[in-house]
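Engineer: Letter by letter, the chains look like this.
2 protein chains.
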Amino acid sequence: MALIVQKYGGTSVGSPERIKNVAKRVAKFQAQGHQVIVVVSAMSGETNRLIALTKEVAANPDPRELDVVVSTGEQVTIGLLCMALKDIGQKAKSYTGGQVRILTDSSHTKARILNIDEAPIRRDLNEGNVVVVAGFQGVDEHGNITTLGRGGSDTTGVALAAALKADECQIYTDVDGVYTTDPRIVPEARKLDTITFEEMLEMASLGSKVLQIRSVEFAGKYKVKLRVLSSFQEEGEGTLITVEEDSNMEQPVISGIAFNRDEAKVTVLGVPDKPGIAYQILGPVADANVDVDMIIQNVSHDGTTDFSFTVSRGDLDKAVGILEGVKAHIGARAVESDKTAAKVSVVGVGMRSHPGVASKMFRTLAEEGINIQMISTSEIKISVVIEEKYLELAVRVLHKAFGLDAA
Amino acid sequence: MALIVQKYGGTSVGSPERIKNVAKRVAKFQAQGHQVIVVVSAMSGETNRLIALTKEVAANPDPRELDVVVSTGEQVTIGLLCMALKDIGQKAKSYTGGQVRILTDSSHTKARILNIDEAPIRRDLNEGNVVVVAGFQGVDEHGNITTLGRGGSDTTGVALAAALKADECQIYTDVDGVYTTDPRIVPEARKLDTITFEEMLEMASLGSKVLQIRSVEFAGKYKVKLRVLSSFQEEGEGTLITVEEDSNMEQPVISGIAFNRDEAKVTVLGVPDKPGIAYQILGPVADANVDVDMIIQNVSHDGTTDFSFTVSRGDLDKAVGILEGVKAHIGARAVESDKTAAKVSVVGVGMRSHPGVASKMFRTLAEEGINIQMISTSEIKISVVIEEKYLELAVRVLHKAFGLDAA
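Chains A and B, in that order, are what the protein sequence lines are.
All residue numbers for the first sequence refer to numbering that gives the first Met the number 0, where the first residue is 0 and numbers rise by one.
All residue numbers for the second sequence refer to numbering that gives the first Met the number 0, where the first residue is 0 and numbers rise by one.
Accuracy of the hints is not assured; some may be wrong.
You can't tell identical chains apart in this list, so a pair holds if it fits in one copy or across any two.
[What the hints assert, rightly or not] No farther apart than 27 Å at their CA atoms in a straight line, the calculated lysine-lysine pairs in the DSSO-like style are these:
(1) K326 to K54
(2) K54 to K23
(3) K54 to K222
(4) K54 to K19
(5) K85 to K338
(6) K109 to K85
(7) K338 to K222
(8) K222 to K164
(9) K399 to K90
(10) K23 to K388
(11) K338 to K190
(12) K273 to K399
(13) K90 to K109
(14) K85 to K54
Calculated from the structure, these hints are not laboratory results.
Using the sequences provided together with the hints, build the complete structure.
Structural biologist: Here is the structure:
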């Protein structure tokens, strides 16, 4: 008998019919002798509907009251799922975040979980109940309703799994696992049976949006076994996200090819190479809430250097405007920008012990005549910025070169 | 400075625009130096939408989970109203039933309020907040969400007014008060400045549906000053529902004329006049969940009697079918029914001290050639059943005869 936490997202519970399907799936699991805790999101579209309502009554909706309104979305789902379970003869009990209780700090709309009271859930499970918990929400020490921010239901699932020492936390979504790359670009892409947390973080932040990054970090920290599965398929093992690479197994060097089309490149030319220059350039950009991704500073030449970074395309004009304003102050020669950039990354914990990944990547791209504009590396990832028009080609050839194509 | 509880029903908060209007009204009250607790219902249509959802996932929605789902309707409204108040510069704080807490028994979907914790509300009021409480809901001793049943928001308002010893509980609705009769039938109908609780109970149960009967009983019991007002009019004192008749004032004998068109008459002819016969006739009818209104048993004649009662028209066929089935067993000669009945009542605490109300009523109807089919009386009410086609005429002539027409 295992204790399993299952999380179903908004699409999986998007209609009464789908909620009934989830109930059947959960009841089947329970019938196999497992104990099941289910975490659910609001029905798809519901959170947006509620937010739209708040904007109609207030120009700047108060965060405390926003949480009161928005948290009703998940509350409706837990009630519906429990009555669907009872309707097919499965004992079940619902909990709002406040009822569990999932104690958070008081940062409304982006609260952090501090503690979970596992006793009442444990008692209900032992009495044969499926326990259904509202994702995305909690309560602060004063009894105020809080929410964890978008995607917070994944975090609720992982946090419950950690608190109750569950054997596994299963995230049900509309894909059947994590793939070596996007199958829409590379039809030969393979579903991974396992991926490490570190790789998953790199894949997720690079655009393979299957799991909330925060929940992956959380699962890594508390060593929760996390599995991504499809809620629309009866069979399949999904992808298991493991705490560490299994040294007993033949580890592939590269686990996947990630990419991001939404990149724009900014280069500040001829800046004096002196301490503090990076801060002088990026400080004002960060102050304007522009997220900077890759940052490259070339070696000095005649006392000046070129400084490049990438931002999302929507932020490009803002970033360039800011830099034009400080250009004279920092003594730069010019500010250049490019909206046609794209980023491709090879990710894999195996590259730690296998040298030559970078050179293989660069050679593969060179053979196709693809020019590399920027390079950035980490322990388990190599990213390059290239012209956007070569993106699909680059992903395909790298996927093949690193032996990821399905047999 | 007064402490006022204001309750706004579903129509009054039926759209973002209307919620903003309620916010303005409440803020104005607060600006006059009063302390205000607001109780709100779900936006009109929302409760029905949620109930429809539950019926799509379960044939027999579990009552505990039904309360979890349905209580979100009021939770959305409290959040929206508070953010609308803050948006116009008025401090405000929302409370769900569980947050107050409004302690109830565990009878899901029809819970009774046991206790209200007034301390947190008192503290918020003293800090200058408008306190907004979700109507219709509470929490049992185990932390389960409960609801009070339809119309329960009025009860929440009265219960809060009682717990906090408020100066007045104002029920805002879509009419501007309680009238001597329905103005659609008698254009001369007057709004009453005051009415006693007992009269209100008779008026409400007879079809003048302004207030939930249960909340009126509650207000009477705890001596809460209750006032019915329009949420769509800026001015007006509405109707005050008083605990007892004010003996210093010239009391009108009759306060209003109530009526009910949805009546059907059943007569069981020639039943043996022996103990237990009423139960033999009405027992099976009650077992079938048919609500019986008036019950008349005529004096015995040759050892048999005629037994008549009224039911709502939708229940008539069911009632007649049941009685045809037991007719032989109880020894009745025949069962007759009439779908064209209607009931008219004169209501007033003044009739206790003024004899002659009944004879005046009967004479007035006789002068118009209206035949009386059944008569039933209480301390403060006389009801008659007449042919439906005479209903409007009867209400008009009685309204005039008892001096209720506006000057």
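Engineer: Which numbered hints turn out to be false for this structure?
Structural biologist: 1, 3, 5, 7, 9, 10, 11, 12
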